[in-house]
Amino acid sequence: MMAEEREYFSRCTPVWGPERTQKVREAAVAVAGTGGLGCTVAEILVRSGIGRIVLIDKGRVDIPDLNRQILYSMDDVGKIKVEAAAGKLREISTFTEVVPVVREIDVSGDVAVLLRDMKCAVVVDCLDNFPGRFALEAGVPEGVSLVHGGVERDYGQITTVVRGKTPTLTELYSDTASSAPGVSVTPPVVVTAGGIMAQEVLNVLWGTPSLQGRLLIVEFSDFSFFYIPLQ
Amino acid sequence: MSWCGRPGKGVLPDAAQSRFAGTMIRVRFFTILRLLVKRADVILDRRGISVRDLLDDAQRAVPVPFLHKVLDDEGKMKRGTLILVNGRHVQHLDGLDTIIEDGDEVSLFPPGGGG
Chain A
3 MMAEEREYFS
13 RCTPVWGPER
23 TQKVREAAVA
33 VAGTGGLGCT
43 VAEILVRSGI
53 GRIVLIDKGR
63 VDIPDLNRQI
73 LYSMDDVGKI
83 KVEAAAGKLR
93 EISTFTEVVP
103 VVREIDVSGD
113 VAVLLRDMKC
123 AVVVDCLDNF
133 PGRFALEAGV
143 PEGVSLVHGG
153 VERDYGQITT
163 VVRGKTPTLT
173 ELYSDTASSA
183 PGVSVTPPVV
193 VTAGGIMAQE
203 VLNVLWGTPS
213 LQGRLLIVEF
223 SDFSFFYIPL
233 Q
Chain B
184 MSWCGRPGKG
194 VLPDAAQSRF
204 AGTMIRVRFF
214 TILRLLVKRA
224 DVILDRRGIS
234 VRDLLDDAQR
244 AVPVPFLHKV
254 LDDEGKMKRG
264 TLILVNGRHV
274 QHLDGLDTII
284 EDGDEVSLFP
294 PGGGG
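First to last, the sequence lines map onto chains A and B. For the first sequence, our numbering assigns the number 3 to the initial residue and increments by one for each residue that follows. For the second sequence, our numbering assigns the number 184 to the initial residue and increments by one for each residue that follows.
So here's chain A without its partners, still in its complex pose (with noise of 0.2 Å):
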């Protein structure tokens, strides 16, 4: 690591260790969705010194993005999001490899060849669609840890799923899931949901995920935080 690269992650690595900080350092994370959760979990991977970031979305800056989506402002919208958002990445850090891709996540299965060239290590859904969701979860290579969060109105849900050893988003949710487009989201529980998961992704990272095989309710109408073991 050269002086301004160990000046930078200073803050970080006396808490992770220089071996924890180096496997950060070197590995390459997918984040699907742009969105509140998308922004907040790229720019603390990228301050955490992520070595590449992946960012999927094809969705444009809107105004009622700049409540939450931390990475926007008023001077981006009608921007491409994972443009903007790059721009804004670039700027924050230089040690991190940001890679922008246009791209809607659909059935097609464009997504898993993206993730199996890209050689992502953890793949993270900040998508705000359940069928996204499931399409993306398809596309996750085999062995990939996918990091998935929810949020809505002052709630929000976390855990990880890895085929085979959890139940995936599909059996979670399954076909009760509703998706309305444009839902009520408060920016807290945004930035909170993001941040845990950005923590899940190092701990991914690190080899012992927290979230493997339970999911964790966030919730700020009482303040509380429930983990649910899932089966």
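Worth flagging that the hints you see were computed from the coordinates, not collected in a lab. What you are looking at is a predicted structure, and each value in this text was computed from that prediction instead of being measured. Hints may contain errors.
To be verified - Cross-link-like lysine to aspartate or glutamate pairs, in silico, DMTMM-like; alpha carbons within 20 Å at most: (1) B:261 - B:239; (2) B:261 - B:236; (3) A:25 - A:6; (4) B:261 - A:177; (5) B:252 - A:177; (6) B:261 - B:280; (7) B:259 - A:177; (8) A:81 - A:64; (9) A:90 - A:67; (10) B:259 - A:173; (11) B:221 - A:224; (12) B:261 - A:173.
Got chain A; can you put chain B on it based on the hints?
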């Protein structure tokens, strides 16, 4: 801030809930259902009861009806709320006919769909 493992506000006093934890059936409410019924959970002295009948009993134990959020007019599960029995979706068990036994936990959970 409260974390898992805390006593909930069920039909029994907290001390009684702790004493009976694991020997009765707990129904947990999350997110908008918790706001609606104004309870985190109820503990019911039942065994060998179907999810459908358990939900009926749970509704009688809370101050505000909630079943209209979970079931449609025909008594089928509505989209938007998961019913988990010990962390497993009832659709992968016997649906609303799944039999609940001592110590089981049923969680009613409308997942957040946004990102």
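Comparing the hints with the structure gives:
1. B:261 - B:239: holds (15 Å)
2. B:261 - B:236: holds (16 Å)
3. A:25 - A:6: Roughly 19 Å between the alpha carbons, so the hint for residue 25 (chain A) and residue 6 (chain A) holds.
4. B:261 - A:177: holds (10 Å)
5. B:252 - A:177: holds (16 Å)
6. B:261 - B:280: holds (15 Å)
7. B:259 - A:177: Between residue 259 (chain B) and residue 177 (chain A) the Cα gap is close to 13 Å, so the pair holds against 20 Å.
8. A:81 - A:64: Holds: residue 81 (chain A) and residue 64 (chain A) sit about 8 Å apart, inside 20 Å.
9. A:90 - A:67: holds (16 Å)
10. B:259 - A:173: holds (19 Å)
11. B:221 - A:224: holds (10 Å)
12. B:261 - A:173: holds (17 Å)
Checked against the numbered hints given earlier, this structure breaks none of them.
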